[in-house]
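Protein chains: 2
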Amino acid sequence: MSTTPLSPTDRTILRRNRARARTDRSALYEILDEGLICHLGVVVDGTPRVIPTAYGRIDDTLYVHGSTGAASLRAAPSQEICVTVTHLDGIVLARALFHHSVNYRSAIVYGVPRNVTDPDEKLAGLRAITERLAPGRWDTARRPTPKEMAATSVLAVSLEEASVKTREGGPNDDDEDYALDVWAGVLPVHQAFGDPVPDPRLRPGIPVPPDIAGRA
Amino acid sequence: MSTTPLSPTDRTILRRNRARARTDRSALYEILDEGLICHLGVVVDGTPRVIPTAYGRIDDTLYVHGSTGAASLRAAPSQEICVTVTHLDGIVLARALFHHSVNYRSAIVYGVPRNVTDPDEKLAGLRAITERLAPGRWDTARRPTPKEMAATSVLAVSLEEASVKTREGGPNDDDEDYALDVWAGVLPVHQAFGDPVPDPRLRPGIPVPPDIAGRA
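Chains A and B, in that order, are what the protein sequence lines are.
123 is the number that full-length UniProt numbering gives to position 123 of the first sequence; each next residue is one higher, with no gaps.
195 is the number that full-length UniProt numbering gives to position 195 of the second sequence; each next residue is one higher, with no gaps.
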């Protein structure tokens, strides 16, 4: 567990609900290493655009990828972007509607992305993205061809500037509301995997690999 | 089911993977009415900020709320924002790494938010947000006091300008790769509820209401 602090900047210091701020870097890594997709924010023609996409992490670098034809990725390297990963952990049901809330862990990363051109880093970045979504596949599926690599953009964002915010635990009601005849507590929420669905064109005799079956 | 088309604007017409675009308004409603949180994009000091938050929908208006003290909400009414709701439905495991993908449904809404000041609309917006996260609670939990209402900002965004993108089904591999000895298919992903956890301070004898127990 890294205990290197997150580097506070004006916009990553939480002003509200400060008790929810986490300032150790390991909390950032944990959130990023548990997610499947992020929400990437870019500014296009002066207005924000928020796009769900895959991502991966190597040390203090976050990688996202896309087609070289995607407008949002083409615009990105010249300007700052924001990458947010959120885990919704529960719905907090208080006695008062005003105190309803959610339990969550979220990481927000700011940075000017770097277009990755070094072939080794590009491959490593793609591997990190693949391993995040589909651990084990890098070693079993067909690797990218040079043509496929050329059709793929990989962007790297430093994790230097990031904030982490979490909420956990039960509701916090006003003192006088604890006497109310209202159920209160937390409804846990989590992401779950179903049973793998084989491709109809799967060749007979190929079993579901353990790394996929084991997630279901 | 509404068959009113989504109104195409330059930025909501998909240029890539057009087969994934949905152009009927009912697809937008379905995605919004199934989500628990959205990712709200705002521009702060010229750079994007992406924040997870609750939301609700009434007809063609989307509502988000927050403390009147939140900087991102204070900045929002003067500028365009982006609201994205994403459902991750599966991890698409192709024979080639290049064709790995995800099944998903996502809605992206653009608009200049309106600060809701009309008391009736403000209450209706809060109710829509509450019902999205915690159906049934509006009728059982304590309603907001005037002081609590004053401490809460509600923003309304028109659903006029929105795009919907979905992917479903199995992998699409290159012809020559179907002969490979690699398992291919989809690993379904869904959001699931756990067993309700009562607040330690819950008064004895209050059972879990059916609307909460029924989701687990």
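Hint data in this document are derived by calculation from the structure and do not stem from the laboratory.
It is possible that some hints are incorrect.
Where chains are identical, the list cannot tell them apart; a pair therefore holds if satisfied intra-copy or between any two copies.
What the hints assert, rightly or not - Simulated pairs of lysine to aspartate or glutamate, DMTMM-like, Cα-Cα distance not exceeding 25 Å:
(1) LYS122 x GLU160
(2) LYS147 x ASP10
(3) LYS122 x ASP177
(4) LYS122 x ASP45
(5) LYS122 x GLU80
(6) LYS122 x ASP174
(7) LYS147 x ASP175
(8) LYS147 x ASP24
(9) LYS147 x ASP174
(10) LYS147 x GLU34
(11) LYS147 x ASP59
(12) LYS147 x GLU176
(13) LYS147 x GLU121
(14) LYS122 x ASP10
(15) LYS122 x GLU148
(16) LYS147 x ASP89
(17) LYS147 x ASP181
Model, not experiment: these values are computed from the prediction.
Verification of the hints:
no., hint, result
1, LYS122 x GLU160, "within (20 Å within a copy, 39 Å between copies)"
2, LYS147 x ASP10, "neither (43 Å within a copy, 30 Å between copies)"
3, LYS122 x ASP177, "between (56 Å within a copy, 23 Å between copies)"
4, LYS122 x ASP45, "neither (28 Å within a copy, 31 Å between copies)"
5, LYS122 x GLU80, "within (20 Å within a copy, 34 Å between copies)"
6, LYS122 x ASP174, "between (53 Å within a copy, 22 Å between copies)"
7, LYS147 x ASP175, "between (65 Å within a copy, 16 Å between copies)"
8, LYS147 x ASP24, "neither (41 Å within a copy, 36 Å between copies)"
9, LYS147 x ASP174, "between (62 Å within a copy, 13 Å between copies)"
10, LYS147 x GLU34, "neither (31 Å within a copy, 39 Å between copies)"
11, LYS147 x ASP59, "neither (28 Å within a copy, 47 Å between copies)"
12, LYS147 x GLU176, "between (67 Å within a copy, 15 Å between copies)"
13, LYS147 x GLU121, "within (17 Å within a copy, 55 Å between copies)"
14, LYS122 x ASP10, "neither (32 Å within a copy, 32 Å between copies)"
15, LYS122 x GLU148, "within (12 Å within a copy, 51 Å between copies)"
16, LYS147 x ASP89, "neither (41 Å within a copy, 29 Å between copies)"
17, LYS147 x ASP181, "between (65 Å within a copy, 22 Å between copies)"
Hint compliance for this structure: hints 2, 4, 8, 10, 11, 14 and 16 are broken, all remaining hints hold.
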